[in-house]
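Student: Note that the protein sequences, when read in sequence, are chains A and B. For the first sequence, this note's numbering begins at 1 and goes up steadily by one. For the second sequence, this note's numbering begins at 1 and goes up steadily by one.
Derived by calculation from the structure, the hints in this document are not laboratory data. Built from N, CA and C at the ideal position, the CB exists for glycine as well.
Derived coverage of chain B by chain A (criterion: at least 3 residues anywhere in the stretch with Cβ under 8 angstroms from a Cβ of chain A; other residues may be distant): (1) 62–74; (2) 160–167.
Here are the simulated lysine to any residue pairs, SDA-like style, with alpha carbons at most 20 angstroms apart: (3) B:LYS153 <-> A:ASN155; (4) A:LYS202 <-> B:VAL173; (5) B:LYS64 <-> A:PRO199; (6) B:LYS59 <-> B:GLN174; (7) B:LYS111 <-> B:SER100; (8) B:LYS87 <-> A:ASN155; (9) B:LYS122 <-> B:GLU172; (10) B:LYS153 <-> B:ALA94; (11) A:LYS202 <-> A:ARG133; (12) B:LYS171 <-> A:TYR194.
Here are the in silico distance ranges between beta carbons for each label pair: (13) B:THR82 <-> A:SER190: 35 to 43 angstroms; (14) B:ALA175 <-> A:GLU140: 23 to 31 angstroms; (15) A:ARG182 <-> B:ALA150: 25 to 33 angstroms.
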Amino acid sequence: MTAAPPQIEREGAARTQSDVDGHAPQPAFHLSTAHRQGIDYEEPTPSELPPSVGLDAKTVRIVSGPVSLRTVAFWAIVIFIGGFLHGRQMSQLETRPAESVSRESAPVAQAATVTAPAPTQESTATVIPVTIRLVKFSPETIEVRTGQTVEWANNDLTPHTVTSQGTGDLNSGSIDAGASWRHTFTQAGSFPYYCTFHPEMKGTIIVK
Amino acid sequence: MLKIIALTITTAALAAFTTVHAQTEAAAAPPNDAQIAQIVLTADSVDVDYGNLAVKKTKNAQVKAFAETMIRDHTSVNNQATALAKKLGMTPEASDTSKSLQSGGEKEMAKLKAMEGAEFDKAYIDNEVAYHESVIGALDKVLLPNAKNAELKNLLESGRPVFVSHLNHAKEVQACLR
Numbered sequence: 001m002t003a004a005p006p007q008i009e010r011e012g013a014a015r016t017q018s019d020v021d022g023h024a025p026q027p028a029f030h031l032s033t034a035h036r037q038g039i040d041y042e043e044p045t046p047s048e049l050p051p052s053v054g055l056d057a058k059t060v061r062i063v064s065g066p067v068s069l070r071t072v073a074f075w076a077i078v079i080f081i082g083g084f085l086h087g088r089q090m091s092q093l094e095t096r097p098a099e100s101v102s103r104e105s106a107p108v109a110q111a112a113t114v115t116a117p118a119p120t121q122e123s124t125a126t127v128i129p130v131t132i133r134l135v136k137f138s139p140e141t142i143e144v145r146t147g148q149t150v151e152w153a154n155n156d157l158t159p160h161t162v163t164s165q166g167t168g169d170l171n172s173g174s175i176d177a178g179a180s181w182r183h184t185f186t187q188a189g190s191f192p193y194y195c196t197f198h199p200e201m202k203g204t205i206i207v208k
Numbered sequence: 001m002l003k004i005i006a007l008t009i010t011t012a013a014l015a016a017f018t019t020v021h022a023q024t025e026a027a028a029a030p031p032n033d034a035q036i037a038q039i040v041l042t043a044d045s046v047d048v049d050y051g052n053l054a055v056k057k058t059k060n061a062q063v064k065a066f067a068e069t070m071i072r073d074h075t076s077v078n079n080q081a082t083a084l085a086k087k088l089g090m091t092p093e094a095s096d097t098s099k100s101l102q103s104g105g106e107k108e109m110a111k112l113k114a115m116e117g118a119e120f121d122k123a124y125i126d127n128e129v130a131y132h133e134s135v136i137g138a139l140d141k142v143l144l145p146n147a148k149n150a151e152l153k154n155l156l157e158s159g160r161p162v163f164v165s166h167l168n169h170a171k172e173v174q175a176c177l178r
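Based on the provided sequences and hints, a complete structural model is requested.
Tutor: Okay, structure coming up:
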């Protein structure tokens with residue numbers, strides 16, 4: 001790895017992100033290989049020379065050598081196209097880590113859904129568990145019998161609430177990360193609730 | 001004339017190469033776990049600072065509720081990140097990324113402090129949208145792929161949906177402010 005030449009600032013409001021992006025994890029190895037395959041008849045690895053040296057060598061050859069204009073133009077176009085293709089490979093590689101991560105992280109979210117009891121499952125246990133994790137109630141919908149208690153265990157990183165939507169008397173207040181809250185249902189009906197801190201988190205208790 | 005054109009194109013081509021390779025060099029230094037921990041801590045505390053300012057300044061109930069959630073959630077995530085670092089015997093380590101998050105946060109705070117009323121609300125929420133987008137981008141592209149310790153990785157994976165929920169919440173408030 002040679003020293004990085006200066007002046008690689010990127011523009012844009014999301015400065016913090018571009019800084020972070022600068023550390024994208026793809027190594028240079030594939031790039032260099034691809035780039036050499038793409039333009040292997042080009043002069044050897046201009047990238048390994050400091051930019052000024054690369055320019056000087058090129059300039060000297062063009063000016064002093066008995067090289068025809070056609071040759072100069074040919075090499076210029078070759079390098080230009082090579083640079084363009086190389087740049088495209090770079091930008092494709094930059095997007096790759098994000099894709100692979102979203103693919104990797106998908107099973108995590110799915111696993112949370114799969115391990116939870118099936119929605120609308122009925123249980124004879126006195127205390128029916130609902131887990132709060134990854135900013136979700138799980139299971140989102142559950143059936144219980146009159147007189148049963150539901151316990152919400154907050155296994156998430158942040159506080160959440162269990163609060164009735166519209167009518168209903170679910171009002172847990174803040175349930176801290178690691179804490180839990182119980183409510184006993186004494187009347188039949190459907191009780192939709194949400195988290196006041198994260199309004200997109202919703203669930204329903206169906207009492208029979 | 002043709003010579004000049006050829007020289008110009010060559011120069012431009014070499015300049016393009018230089019830039020691309022410079023980016024490659026920068027990409028070759030992924031953060032270690034201690035640096036990732038510090039990036040998380042800094043990202044959280046910067047947003048808590050924004051939230052504290054917003055709670056003081058805003059008169060809009062939606063903006064205030066959002067800011068309170070940011071303070072509550074990012075404080076909670078930070079507490080757990082700190083506890084995990086302690087448990088692992090890891091000392092969070094500053095990096096260029098955490099330093100630039102910090103200085104970027106300070107600059108934005110200075111801008112926000114100079115604003116009042118609806119102008120402040122809009123600037124605060126717009127910044128929250130952009131900030132959470134960039135934090136999620138950093139999580140996906142840099143932090144998650146490079147985290148080695150399983151518990152640290154788990155913390156990041158659990159944090160992601162929190163930040164996504166904040167981004168959605170911020171966008172909803174943003175739409176209401178228009």
